[in-house]
Amino acid sequence: DAGVIQSPRHEVTEMGQEVTLRCKPISGHNSLFWYRQTMMRGLELLIYFNNNVPIDDSGMPEDRFSAKMPNASFSTLKIQPSEPRDSAVYFCASSLAGTGYEQYFGPGTRLTVT
Amino acid sequence: SQQGEEDPQALSIQEGENATMNCSYKTSINNLQWYRQNSGRGLVHLILIRSNEREKHSGRLRVTLDTSKKSSSLLITASRAADTASYFCATDAGTASKLTFGTGTRLQVTL
Chain A
662 DAGVIQSPRH EVTEMGQEVT LRCKPISGHN SLFWYRQTMM RGLELLIYFN NNVPIDDSGM
722 PEDRFSAKMP NASFSTLKIQ PSEPRDSAVY FCASSLAGTG YEQYFGPGTR LTVT
Chain B
10 SQQGEEDPQA LSIQEGENAT MNCSYKTSIN NLQWYRQNSG RGLVHLILIR SNEREKHSGR
70 LRVTLDTSKK SSSLLITASR AADTASYFCA TDAGTASKLT FGTGTRLQVT L
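Here the protein sequences line up with chains A and B, keeping their order. Its first residue numbered 662, the first sequence is counted upward by one per residue in this note's numbering. Its first residue numbered 10, the second sequence is counted upward by one per residue in this note's numbering.
Extracted from the complex, chain A is given alone in its bound form (with noise of 0.2 Å):
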């Protein structure tokens, strides 16, 4: 199994650019989930999905941050337009879905605004 695959591994670009991460799940989790960590504010969960379908986006900062998940092996989320401050490194993890369940990570994206 090749595991949780997110691309591309780096990311570098100008303020006000568009950015987009992609994230391939391991076959037949149904969970999926956006996460972004920095220095400051620690690991942050932006959204997750089940079954496709966003269950809690209470974490996505803004408008500028939109995520989607059109089948179950593949996810993107988008900035529009992004800043300096989006500067950080994006997880992508899925899992089978409900409690009790170990999350596989990728191996993250890191993004650089400048």
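I should point out that these hints are in silico values taken from the structure, not numbers from a laboratory. Every residue gets a Cβ at the ideal spot worked out from N, C-alpha and C, and that includes glycine. Do not take every clue at face value.
Examples of chain B residues toward chain A, derived with CB under 7 Å [as the list claims (entries may be wrong)]: (1) T36; (2) N39; (3) D101; (4) F110; (5) T112.
A few chain B residues facing chain A, derived, Cβ under 8 Å [as the list claims (entries may be wrong)]: (6) N40; (7) Q42; (8) N47; (9) R50; (10) G51; (11) L52; (12) L57; (13) G68; (14) A105; (15) S106; (16) K107; (17) L108; (18) T119.
Take a look, some chain B residues computed to stay more than 12 Å from chain A by CB distance [stated by the list, open to error]: (19) S33; (20) Q46; (21) S82; (22) A90.
Please build the complex by placing chain B on the supplied structure of chain A, with the hints as guidance.
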């Protein structure tokens, strides 16, 4: 907001020593998990303990859970340089898949 708070924030020990990290949380939980994060990598699941369990072992790892004090500890015995990483506790409640992660403990194991 983060429910778990790890203590200490950073820990430095020598190889062969034991490392103990603590986690406190605020609300009732179903399960508590511990994860490890090596620098520049994603988190990796280590162990899960259910709310009706008090202690669990996995190799050199020992986890305890005290629901009356809303706290958990992770003990790594006979530490190795490869154990150098950040360690996070995570809790879940209700029926949701969502985990709430703590602030993490950075462990440095020196030769």
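Each hint, compared with the structure:
1. At about 14 Å, the closest approach between the beta carbon of T36 (chain B) and any beta carbon in chain A exceeds 7 Å, and the interface hint on this residue is violated.
2. At about 5 Å, the closest approach between the beta carbon of N39 (chain B) and any beta carbon in chain A falls short of 7 Å, and the interface hint on this residue holds.
3. The beta carbon of D101 (chain B) comes within 5 Å of a beta carbon in chain A, closer than 7 Å, and the hint placing it at the interface holds.
4. Residue-level restraint check for F110 (chain B) holds (minimum Cβ-Cβ distance to chain A is 5 Å; threshold 7 Å).
5. With a least beta-carbon distance of about 5 Å to chain A, the hint placing T112 (chain B) at the interface is held under the 7 Å criterion.
6. A distance limit of 8 Å between C-beta atoms decides the matter here; for N40 (chain B) the minimum to chain A is near 5 Å, and the interface restraint holds.
7. Hint status for Q42 (chain B) relative to chain A: holds, with the closest Cβ pair at about 6 Å, below 8 Å.
8. Look at N47 (chain B): its Cβ only gets to about 11 Å from chain A, farther than 8 Å, so that hint breaks.
9. Given hint, R50 (chain B) at the interface with chain A, holds; its Cβ is 6 Å from that chain's nearest Cβ, closer than 8 Å.
10. For G51 (chain B), the suggested interface contact is upheld, since its CB lies about 3 Å from the closest CB of chain A, less than 8 Å.
11. Interface hint at L52 (chain B): satisfied, since its Cβ lies 5 Å from the closest Cβ of chain A, which is below the 8 Å cut-off.
12. A distance limit of 8 Å between C-beta atoms decides the matter here; for L57 (chain B) the minimum to chain A is near 6 Å, and the interface restraint holds.
13. Below 8 Å, beta-carbon pairs count as interface contacts, and G68 (chain B) has none with chain A, the closest being about 16 Å; its hint is therefore violated.
14. Hint status for A105 (chain B): holds, given a least beta-carbon distance of 7 Å to chain A, under 8 Å.
15. Hint status for S106 (chain B): holds, given a least beta-carbon distance of 4 Å to chain A, under 8 Å.
16. Proximity of K107 (chain B) to chain A holds as hinted, the smallest CB-CB distance being about 6 Å (cut-off 8 Å).
17. Taking 8 Å as the C-beta contact cut-off toward chain A, the hint placing L108 (chain B) at the interface holds, the least distance being around 6 Å.
18. Because the smallest distance between the Cβ of T119 (chain B) and any Cβ of chain A comes to about 23 Å, over 8 Å, the interface hint for this residue is violated.
19. Against the 12 Å criterion, S33 (chain B) stays outside the reach of chain A, whose nearest CB is about 15 Å from its own CB.
20. With a cut of 12 Å on Cβ distances, Q46 (chain B) falls inside the contact zone with chain A, its closest approach being about 8 Å.
21. With a least CB separation of 19 Å from chain A, S82 (chain B) remains clear of the 12 Å interface cut-off, as annotated.
22. Every Cβ of chain A is farther than 12 Å from the Cβ of A90 (chain B); the closest lies at roughly 22 Å, confirming the non-interface assignment.
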